[in-house]
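Put together the whole structure using the sequences plus the hints.
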Amino acid sequence: MRPGPRRSLPWLAALAGLLTVLVIACCAGKFPLPPEQLLRALLARLGWADPVDATVDTVVWNIRLPRIAAGLAIGAVLGAAGAAYQNMFRNPLVSPDILGVSAGAGLGAAAAIFLALPLVAVQAMAFAGGLLAVVAVYLVARSVRRHDPVLVLVLAGVAVGTLLGAGISLLKILADPYTQLPSITFWLLGGLNAVTGGDLLAALPAMLLGLLPLALLRWRINLLSLGDEEAAALGVEVRRLRALLIAAATLGTAAAVSLAGIIGWVGLVVPHVARLVVGPEFSRLLPASLLTGAGFLVATDTLARTVAPMELPLGILTAIVGAPFFLVLLARGRGHR
Amino acid sequence: MNRRSFLSLLALATLCSRSSRSLAREGGVAARFGELPPAGRVSRVFAAGSPAAVLACVLAPGKLLGWPMRMDAAARALLPAPAADLPFLGRLSGRGSTVGTETLLSLRPDLVLDAGSVNPLHLSGAERVWQQTGLPYVLVDGRLEDHPAQLREVGRLIGAAGRGRELAGLAAHILDRVRAEASANRDEAPPRVYYARGRDGLETGLAGSINMEAIEFAGASNVAAEAGSGGLTQVSMEQILAWNPDVLLTQDAGFARRVRGDRLWRSVRAVRNGRIHVAPILPFGWLDGPPGVNRLVGLPWLLPRLYPHRYPGSDRGRLDRFTAETFERFYGKALPAALVAAAADGEAG
Numbered sequence: 000m001r002p003g004p005r006r007s008l009p010w011l012a013a014l015a016g017l018l019t020v021l022v023i024a025c026c027a028g029k030f031p032l033p034p035e036q037l038l039r040a041l042l043a044r045l046g047w048a049d050p051v052d053a054t055v056d057t058v059v060w061n062i063r064l065p066r067i068a069a070g071l072a073i074g075a076v077l078g079a080a081g082a083a084y085q086n087m088f089r090n091p092l093v094s095p096d097i098l099g100v101s102a103g104a105g106l107g108a109a110a111a112i113f114l115a116l117p118l119v120a121v122q123a124m125a126f127a128g129g130l131l132a133v134v135a136v137y138l139v140a141r142s143v144r145r146h147d148p149v150l151v152l153v154l155a156g157v158a159v160g161t162l163l164g165a166g167i168s169l170l171k172i173l174a175d176p177y178t179q180l181p182s183i184t185f186w187l188l189g190g191l192n193a194v195t196g197g198d199l200l201a202a203l204p205a206m207l208l209g210l211l212p213l214a215l216l217r218w219r220i221n222l223l224s225l226g227d228e229e230a231a232a233l234g235v236e237v238r239r240l241r242a243l244l245i246a247a248a249t250l251g252t253a254a255a256v257s258l259a260g261i262i263g264w265v266g267l268v269v270p271h272v273a274r275l276v277v278g279p280e281f282s283r284l285l286p287a288s289l290l291t292g293a294g295f296l297v298a299t300d301t302l303a304r305t306v307a308p309m310e311l312p313l314g315i316l317t318a319i320v321g322a323p324f325f326l327v328l329l330a331r332g333r334g335h336r
Numbered sequence: 000m001n002r003r004s005f006l007s008l009l010a011l012a013t014l015c016s017r018s019s020r021s022l023a024r025e026g027g028v029a030a031r032f033g034e035l036p037p038a039g040r041v042s043r044v045f046a047a048g049s050p051a052a053v054l055a056c057v058l059a060p061g062k063l064l065g066w067p068m069r070m071d072a073a074a075r076a077l078l079p080a081p082a083a084d085l086p087f088l089g090r091l092s093g094r095g096s097t098v099g100t101e102t103l104l105s106l107r108p109d110l111v112l113d114a115g116s117v118n119p120l121h122l123s124g125a126e127r128v129w130q131q132t133g134l135p136y137v138l139v140d141g142r143l144e145d146h147p148a149q150l151r152e153v154g155r156l157i158g159a160a161g162r163g164r165e166l167a168g169l170a171a172h173i174l175d176r177v178r179a180e181a182s183a184n185r186d187e188a189p190p191r192v193y194y195a196r197g198r199d200g201l202e203t204g205l206a207g208s209i210n211m212e213a214i215e216f217a218g219a220s221n222v223a224a225e226a227g228s229g230g231l232t233q234v235s236m237e238q239i240l241a242w243n244p245d246v247l248l249t250q251d252a253g254f255a256r257r258v259r260g261d262r263l264w265r266s267v268r269a270v271r272n273g274r275i276h277v278a279p280i281l282p283f284g285w286l287d288g289p290p291g292v293n294r295l296v297g298l299p300w301l302l303p304r305l306y307p308h309r310y311p312g313s314d315r316g317r318l319d320r321f322t323a324e325t326f327e328r329f330y331g332k333a334l335p336a337a338l339v340a341a342a343a344d345g346e347a348g
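Same order as they appear, the protein sequences are chains L and E.
For the first sequence, position 8 (counting from the first letter as 1) is numbered 7 according to numbering that gives the first Met the number 0, and the numbering increases by one without interruption.
For the second sequence, position 203 (counting from the first letter as 1) is numbered 202 according to numbering that gives the first Met the number 0, and the numbering increases by one without interruption.
Hints are supplied without guarantee of correctness; some may be wrong.
Which stretches of chain L does chain E cover? Using the computed rule of at least three CB atoms under 8 Å from a CB of chain E, they are [as the list claims (entries may be wrong)]:
(1) 26-34
(2) 50-62
(3) 116-129
(4) 191-197
(5) 303-311
Just so you know, these hints were derived from the structure itself, not from any lab.
We treat Cβ as the ideally placed atom computed from N, Cα and C, and that holds for glycine.
This is how it looks when you write it as structure tokens:
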């Protein structure tokens, strides 16, 4: 179906909204920076204006822009992965960490912080932990044959997640309360304060690789929401498609989490918001979730770095902003299914 | 070497070459990233954590930009004037930072000062701050025995060389004195100490814990060493009764008062014999919290409490006067008699 003028209106509105969020995010920050100075700093690096003060250049190019870019990428990945999972599991309460990717990443990061390994190792262990947890869940679920495969997958995810959560709690108890414990706690609440451009570049390939299958297979993913048997009747190889989807969503989410820590709510709420606007069809839901997720995370992160004198963990704000917003939408959006 | 420190060392060895180049120890400085401005031009120092803030506060209170931890009015009242009114800014500690990177830059510090455990995680966090902001970063090793070198070297770096030398001399004198005292008791068994932390006193430091450093340095034997080595831990009342320590140390006067009326605690030897001692916590903890140069004031206070038989009457008075002098030289304020007395109020009497 070709998007007519009426159909493209929400998309234009979403893009305009995202642009507005980006402009506000660029202008807001703890370092006082008038708009014309910000513009000069942006143009100076591109060679279109005279060089600016070194500190201003650092603030714009080393801190603010990488942070906004990371917010965009992570929000988009979490939103898209959430949409794919909710579609695949045919359950609106599912979020990308249902199969244990966040818990695995959390345990990996907590272990690295506990062992006082360098930051690079913290990120690598978070990424590996996330992947391993989902692989474990998938293998366990596959070895169970008697039940509904989707249900088994979710239950295995919950069980493995609980186990990994216990490991995290144990490390928190053993960690040094002055230095390690705050690091672990903050990591588990997520945040973009420490993200650098280099980190983002390192994580970006995995994120894109995770998004690609979702975009390419959007029509078949749509059929999964009909149920396994009907999808199979329509010629979808359900098991292989599901494995591929889990791999893609996990890869993207693990990369996002290794970069920013665990950021709750985005993967759960964003697909709902997108669904309320564009409906449940996956080929429209995916780009809508991508855009909404990116905008939502950049907006929340802008709040995280401006509203309080101290830096607020992102996970706290996504919940504070996301939960009431979600409840309002839920109360008003009676018409959707 | 336990497995944890071995893994840390392994990771340290694999750190990139740039870091290892700056790892060369110069005095108390464990690592520095970036070009430091000439000492005379350093006038704005951002303290990354509490130990660094105490260090900057005693060396050059006028150069400290703010506190990484919350400071109450009672603590502020005992600080040198410029440091007493400084705002709370938040700490800088890798993922656990509460100060935003932009906030840090907007304060326009000449350098970031950090003191504490030197491990690969901390080092890579420091290096990243430097890479991201371009601010020079100095990381000093926070161990008790490094304090003289630390005071001298950091004093030199931030343009307070004279003050640094003065305090370094005092610190070295205190450490020598306490070291001599600790090794003098080879013939007698060292006092077995339980260090009670937390509201209920059931939190304590294991062997080698940074929280136990001052107590262990003074030659006491930490009863919790039996439970292993590492950081802080929770223990049970039953465990404390089994250890039956000779001396009970705490920084919580309220806890000490409760202990006196508690039947369980009263059956512990230390409490029965009235050997429960409350270390003052103002302006910073005398035994730990933060584990910084503030502990140097606590060491001479600790000696007569650990070895009462060596300090009869006038000797104890002389040592307490020395503690008061040390306090005054560090913080520039006279030690209020009420401070030690108020702490002692909780002690058995």
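The hints, checked one at a time:
Check on the segment 26-34 of chain L: 4 of its residues sit with their Cβ under 8 Å from a Cβ of chain E, so the three-residue criterion for coverage holds. Taking a C-beta to C-beta cut-off of 8 Å, the segment 50-62 of chain L contributes 6 residues in contact with chain E, enough for the three needed, and the coverage statement holds. Against chain E, the segment 116-129 of chain L contributes 6 residues with a C-beta closer than 8 Å to a partner C-beta. That satisfies the three-residue criterion, and the hint holds. Only residues whose beta carbon comes within less than 8 Å of a beta carbon in chain E count, and the segment 191-197 of chain L has 3; three or more means the coverage holds.
Coverage of the segment 303-311 of chain L by chain E holds [criterion: at least 3 residues with CB-CB distance below 8 Å; count 4].
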